[in-house]
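Read top to bottom, the protein sequences are chains A and B. Residue numbers for the first sequence follow our numbering, beginning at 1 and rising by one. Residue numbers for the second sequence follow our numbering, beginning at 159 and rising by one.
Quick caveat, the hints were computed from the structure, so don't treat them as lab data. One thing to keep in mind: the hints can contain errors.
[Stated by the list, open to error] The list that follows gives simulated cross-link-like pairs (lysine to any residue, SDA-like), each with its CA atoms no further than 25 Å apart:
no. : chain 1 : residue 1 : chain 2 : residue 2
1   : B       : Lys187    : A       : Leu30
2   : B       : Lys163    : A       : Leu30
3   : B       : Lys347    : A       : Leu30
4   : B       : Lys187    : A       : Leu51
5   : B       : Lys200    : A       : Gly81
6   : B       : Lys241    : A       : Ser43
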Amino acid sequence: MNVTVNINGAERTADVEPRLLLTDFIRGTLGLTGTHMGCDTTSCGVCTVLLDGVPVKSCTVFAVQANGRSITTVEGLKQNGQLSPIQQAFHQEHGLQCGFCTPAMMLVGTALLEENPNPSEDEIRWAISGNLCRCTGYMNIVKSIQAAAAMKSEEVSA
Amino acid sequence: MYPSKFDYLAPTTIDEALGVLAEKGPEIKILAGGQSLVPMMKLRLANPPALLDINRLPGLDSIEDSNGHLSIGALVRHNHVVKSDAVKDANHTVATAAPWVSDPIVRNLGTVCGSLAHHDPEGDWASVMLATGADVVLRSRQGERVLPITDFFVDMFQTMCRPDELVTEVRVNKHTARGGGDYQKLERKVGDYATVGVATSLELADDGSIAHAGIALTSVYAHNLKVTEAEDLLRGSQPGTELFKEAAVIASAACDPADDHRGSAAYKRHVVGVFTERGLARSLEIAQGGQS
């Protein structure tokens, strides 16, 4: 069946089987490999993408369900050739070790800051509690999201 | 992991959806949030020939405060309940339980009604509804049926929902100003099923005695267990620590937990007692106005 999505601002259409998972549609069909596949059982959260701006685990959504909707993956965070505040913050604060969970963590952080521009540490930890970091680098992930919040509020006041 | 092949149907009107169910209901699984169904299909525990995706149906995604109950539509996600001010004031058991359901990302898709229709004995919502009282609204081409939650549930993974029916709504009782409720949950990590969950609900009469009591347990029996014996003990009595301890002893005795990777049966039974007492105390505190 034909599926059309707006992914990172670009419209893409493909003919897929209903059982194709959204993760594999993004990685295999559309060739965007920044979205990772981890546990494949809705636990680890590394496959997280934003569906109409809301974080979802793409291993637990069929591509056909995304028909007509918009998807943001890590590849879509960069704007006008510039890293987004969350990307800059993960870079600065060393918010990653192996990098496997990083795309998902950055997308969850992006969605959190959209909704709550000044989250407390507790609120950040709560927001990322559906995402596992296999390096256990949570301290710096939290710091990165805090730094991105500070960066964004400076941008607003500047 | 891939499910078996299936046909995908995504109607845009309820009439169309009910027509599909009337015609080939037995072959169909209904896809709402999919956060239990899709993993089951991937593990090939469920192999439905067709999925009916109800996500494009209008009018099912709101929480409404009407006619003395809280109406939660079939497409209301757990996270919607977490953030809802209407829920916070209307039903304390529902409001307390919502942030404990799975993890924040799963809560963005998973639905309350889907959880009830799935009826996993480790699901949190079934206990909440059994404790506070709720009615499930089912629609088909034959019309609408409204079933009390106690009649809706049959056994684990089994409900009275017929193959031609769609759960469109759950109507949850509201707490009055003299009511309170709580959900206590022990989990190993965020997103895990409950090791033990206990839902409680109290309504006080004008003289301060207990007019209504609800207690239901998660993950410690073959299905979510309403502890009617403890509810009967509470109803009509003056609330207090000793009474709650007695109710906790009854709840501990009523459950039948299994030894597993989440804990020994004896440990879980102990936690049921602790949580029942704690949940009733918290419910009372809210009912007596000690609530923030």
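Outcome of the hint check:
no., hint, result
1, B/Lys187 to A/Leu30, "violated (29 Å)"
2, B/Lys163 to A/Leu30, "holds (22 Å)"
3, B/Lys347 to A/Leu30, "violated (34 Å)"
4, B/Lys187 to A/Leu51, "holds (23 Å)"
5, B/Lys200 to A/Gly81, "violated (38 Å)"
6, B/Lys241 to A/Ser43, "holds (23 Å)"
Hint compliance for this structure: hints 1, 3 and 5 are not met, and every other hint is.
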